[in-house]
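Residue-level listing of the chains:
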Amino acid sequence: MFADYSLAELGSIFVMQGFAGLILFSVFVLMALGLAIIFGQMGVINMAHGEFMILGAYVTYFTSQFFLNYLPGLFGAYFFLAMILAFFAAGALGMAVEWLMIRRLYKRPLDTLLATWGLSLILQQLYRSVFGPREVGVELPSWMMGSISVTDTIEVQINGLFVMGLTIVITVAVALLMYKSAWGKQVRAVVQNRVMAGAVGIDTEKVDRYTFGLGCGIAGVAGSAFTMIGSTGPTSGQLYIVDTFLVVVFGGAQSLLGTIASAFTISQAQSTMEFFLSGSMAKVLTLLGVVIILMLRPQGLFVIKVRR
Amino acid sequence: MSSQNDQSNKFSTTRRKLLMGIAALPAVPLLASAGLFSTPAMAQAPATSAVNTTGLAVTDTEVTVGILHSVTGTMAISETGSVQAEKLAIDQINAMGGVLGRKIKFIQEDGASDWPTFAEKAKKLLVNDKVAAIMGCWTSASRKAVLPVVEQYNGMLYYPTFYEGLEQSKNVIYTGQEATQQILAGLDWVAKTKNGKTFYLIGSDYIWPRTSMKIARKHIEGHLKDSSVVGEEYFPLGHTQFNSVINKIKLKKPDVIYAAVVGGSNVAFYKQLKAAGIDLNKQTLLTISVTEDEIDGIGGENIAGAYSSMKYFQSLDNPNNKEFVAAFKKMWGEKTVIGDVTQAAYLGPWLWKMTVEKAGSFDIDKIAAASAGIEFNKAPEGYVKIHDNHHLWSKARIGLALPDGQFKVVYETPDLIEPDPFPKGYQ
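Here the protein sequences line up with chains A and Y, keeping their order. For the first sequence, the positions run 0 to 307 when numbering that gives the first Met the number 0 is used. For the second sequence, the positions run 0 to 426 when numbering that gives the first Met the number 0 is used.
Treat each hint with caution, since some may be false.
With a straight-line Cα cutoff of 25 Å, these simulated DMTMM-like cross-link-like pairs (lysine to aspartate or glutamate) come out [as the list claims (entries may be wrong)]: (1) Y:LYS249 - Y:ASP278; (2) Y:LYS196 - A:GLU8; (3) Y:LYS251 - Y:ASP225; (4) Y:LYS251 - A:GLU8; (5) Y:LYS281 - A:GLU8; (6) Y:LYS249 - A:ASP151; (7) Y:LYS252 - A:ASP151; (8) Y:LYS394 - Y:ASP187; (9) Y:LYS251 - A:ASP151; (10) Y:LYS365 - Y:ASP128; (11) Y:LYS384 - Y:GLU417; (12) Y:LYS334 - A:GLU138; (13) Y:LYS251 - Y:GLU231; (14) A:LYS282 - Y:ASP204; (15) Y:LYS249 - A:GLU8; (16) Y:LYS407 - A:GLU138; (17) Y:LYS281 - A:GLU138; (18) Y:LYS252 - A:GLU8; (19) A:LYS282 - Y:GLU231; (20) Y:LYS252 - Y:ASP204; (21) Y:LYS328 - A:GLU138; (22) Y:LYS129 - Y:ASP90; (23) Y:LYS281 - A:ASP151.
Computed Cβ-Cβ distance ranges for the label pairs, DEER-style [what the hints assert, rightly or not]: (24) Y:ASP403 - A:MET143: 14 to 22 Å; (25) Y:ASP59 - A:ALA95: 49 to 57 Å; (26) Y:LYS143 - A:PRO140: 40 to 48 Å.
Partial pick of chain Y residues on the chain A-facing surface, computed with a CB cut under 8 Å [claimed, not checked]: (27) THR71; (28) ILE76; (29) TYR233; (30) GLY237; (31) HIS238; (32) THR239; (33) LYS247; (34) LEU250; (35) GLY263; (36) ALA267; (37) LYS273; (38) GLY276; (39) ASN280; (40) GLN282.
These aren't lab readings, by the way, just hints derived from the structure by calculation. Glycine included, each C-beta is placed from N, C-alpha and C at the ideal position.
Excised from the complex, chain Y in its bound form:
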């Protein structure tokens, strides 16, 4: 494993500093629950003219933000959780006194799973409603549609989904993982603990799985010892018949099936794997596209035994997360599950609030400049920090799927992983 550490050595000094930073705050959860965040907000609210010089929708008592997700159309399945998390965060922030003494009011728009609609609604939020920030988008396609709009009208977008990377904007904060944060640690783990040498890559046919698999393949072939990719397959979105590829997998007998199948195909894939007699307790399967949300549809009994590589699982055992899960269930019902992206969406309003308070202003340019270095100690995933490149430092975790639809966390990276949206040697 010598070669794979070259890359991490480069960052080790920063990591060490960061670790010291964490160590210096041993009572983080305590402080947090004692109202760490409320201090600036409770101070005398500054005058609107001072904190809002560009004509955003900020009054003496209120500030307006936009929520832009699909609540209709095919993506509603995935984006519902994000909307719920963002509303919860806004509620909690308001209960603590709001941002710079102003309550957050939100305007929700429906992207309707249609990318031009996303762009149009983003423009409406920025131009007509003059929102101070947008929490929104889910698929890369919707983000790509909204990006030119937030750049042209100088807005601020908090984007929650783990995605393929290869993007960075002054006007976007990416609260999910970029591809290397999600993929590399998981592959290292499976190579080491499961002795995985041969990999079968299978994904849906669009940009995210293809970019992710490209990175995975480079890592497997270039950085893992004696490892190889024995198959790589993509299926059209919505594909529901996997028997042929399952036969192929049986023939190739890979040590690890590495999966990034999404949407309805995901459900079909795991049901048919199980029906074909592939026991995931014996056949190692590592996925980057299954969270608790997806298991709802797949059925816990169909996927039990698989491993998922994420940064957050609902079962994470830390005080922040316990509080978050309890609050989430209180607001949205006992049966609701919380997946990786839902948690990342929850970070958006909090990070924005802290950035505004650090900048002392709602002005977009000042927020964009103040974002780097913002730390959130109360994140359900533990601790996150915004990098200069507007992505988050975060840990990678491996969860083992249990029959009840939850994950058992079996591994987490000891350090936060530096976001690297343009990874050298992986493109």
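Here chain A stands alone, though its shape is the one from the complex:
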């Protein structure tokens, strides 16, 4: 397939293809991070993860509408405010859900699967009733659209760069929070031994609530960022949920590093195969590869010992 192209053209295609893989990697990390925190740290299988993302997307939509109508001069900067609002909206909803539902199910982790799946259906219908069944188009500030031409043939998408930057910022922030802060220490203590953590004076319920809220908040930010590349509608969250679980389970549920490594592996494999094969075949082969590796390593790529 490359016979008719000059070396320069091939070079630029490989550069852009590598970049496409990196964008996919960032997208995967961003969508999986929130779930990894909830699933990994709390053992809750949150099937409503996609719906928390879409809440973030809707918040972004309404922020953009607000700026368009009332503050058109600041429209170029609305996206940052939208992401912050998305974080708090999704986080607050997450904490409410934890308080109303999840905390009653900690002893029955498999039931959280069913309960959060039900929650996802409820949220979808809620969005449909409140925001309407049709998709909404989120208008982006002009500086976020289009691409930068590095050379004549290499073009770099601005929104791709934006997602990559955002992913790095959030990943670093989460890592610092988890491994450097006092609160992170408490979270890890609760994960390792809930009873003992409670005995030394950690308010485990509060830690649970904030952990869940944090995971959902990050999902909200991811949803906000994905308005740049995907659709915003009541059921759009479903588009991400499969890939998200794939990344988290493949990486090893308890490990943030595992999540990142698995996002990298899956995204590169998929992006490369999509280029050389057709879209559907790439997906099939990726899933097949993941299944085989999980058969050999049921715990995922990275395993951390956790007391059950």
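On the provided structure of chain A, position chain Y as indicated by the hints.
Positioned in the frame of chain A, the structure of chain Y alone reads:
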């Protein structure tokens, strides 16, 4: 272009007759607004026993029809417009006196984007409610689920979506385009005016895009001069990452990108094309899956410059359509947009009404027999006529997407295109 005309010559005599028919009605819109359709309905309503011999839900004052679409679940995005259009049509028909002197009452059921549910609800409408007709279904999968039910219980289904063809039933009227009506004229147009020689086909991975692309490929390779397909790709439904294929498209530099991506993927595809620096004002893109409804989600600025091949656009400039758009917005809000399928759904109740009046009966068998030849002069798309094969004669049009989310019609076929659900040489 000699070879491509072989097929159309075959139909030219019928087309000519049809054109004469249209020419003979120069004052169609005038007549229509003056109450062309009200004449039979205003006559003394015939006795129920005479017009309903099979026990349908028809009383002396009312007739019940079913509306069966998804108002929940993932397809609600698309099917909402159809429900709105059907309700509008029923309202308007009732305001004109109803059908055979009977007001239309509708029972709405929710298919919930789930195909077995569609079948179950169709059965409920036919067996329990004994509806005289069903306006419904959207995806081919839901139609395929409902088809055996309407055939078994002898119902009448008016199906609005453009679809892949390869189907024909006594119990179904297809008010959307079958594949050849939508595809062939569009490809001819793009080959001629945009000098398109190389095509890149990209679609979602299910029956409609695959069948459509098969027809497109046969047409490109067999009927267009020196043209070829340089790539053909399918992506799973819900796929949201198109950067790799966009790189591939950049490498192959096709004259035309031919797209049939649907649902959430559609939005992702156009946003990422734009982000990757592909300017649709310079790169010709022709799609068969984007109407005004989809642009709502994609964002006009992301798709401006693309061409869409449909039979109806909201911006169509004719008196019928102006009236329709105004009525639709009055009923459903100023911001609502009207896409191709919404218009086709609007035709359903009207065609049924006219068929009932022609047959002089609500009986399904009589309606099925009387359907062929029914003409609707007041259709927003202009003029349609039901073919013997229960599909509609209709025109194909090309619209240029504008940043405000509307289309500018840049081409329409001069004649109505004959529906051909089983196209020879394209299977």
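- When the hints from earlier in the document are held up against this structure, which numbers fail? 39, 40
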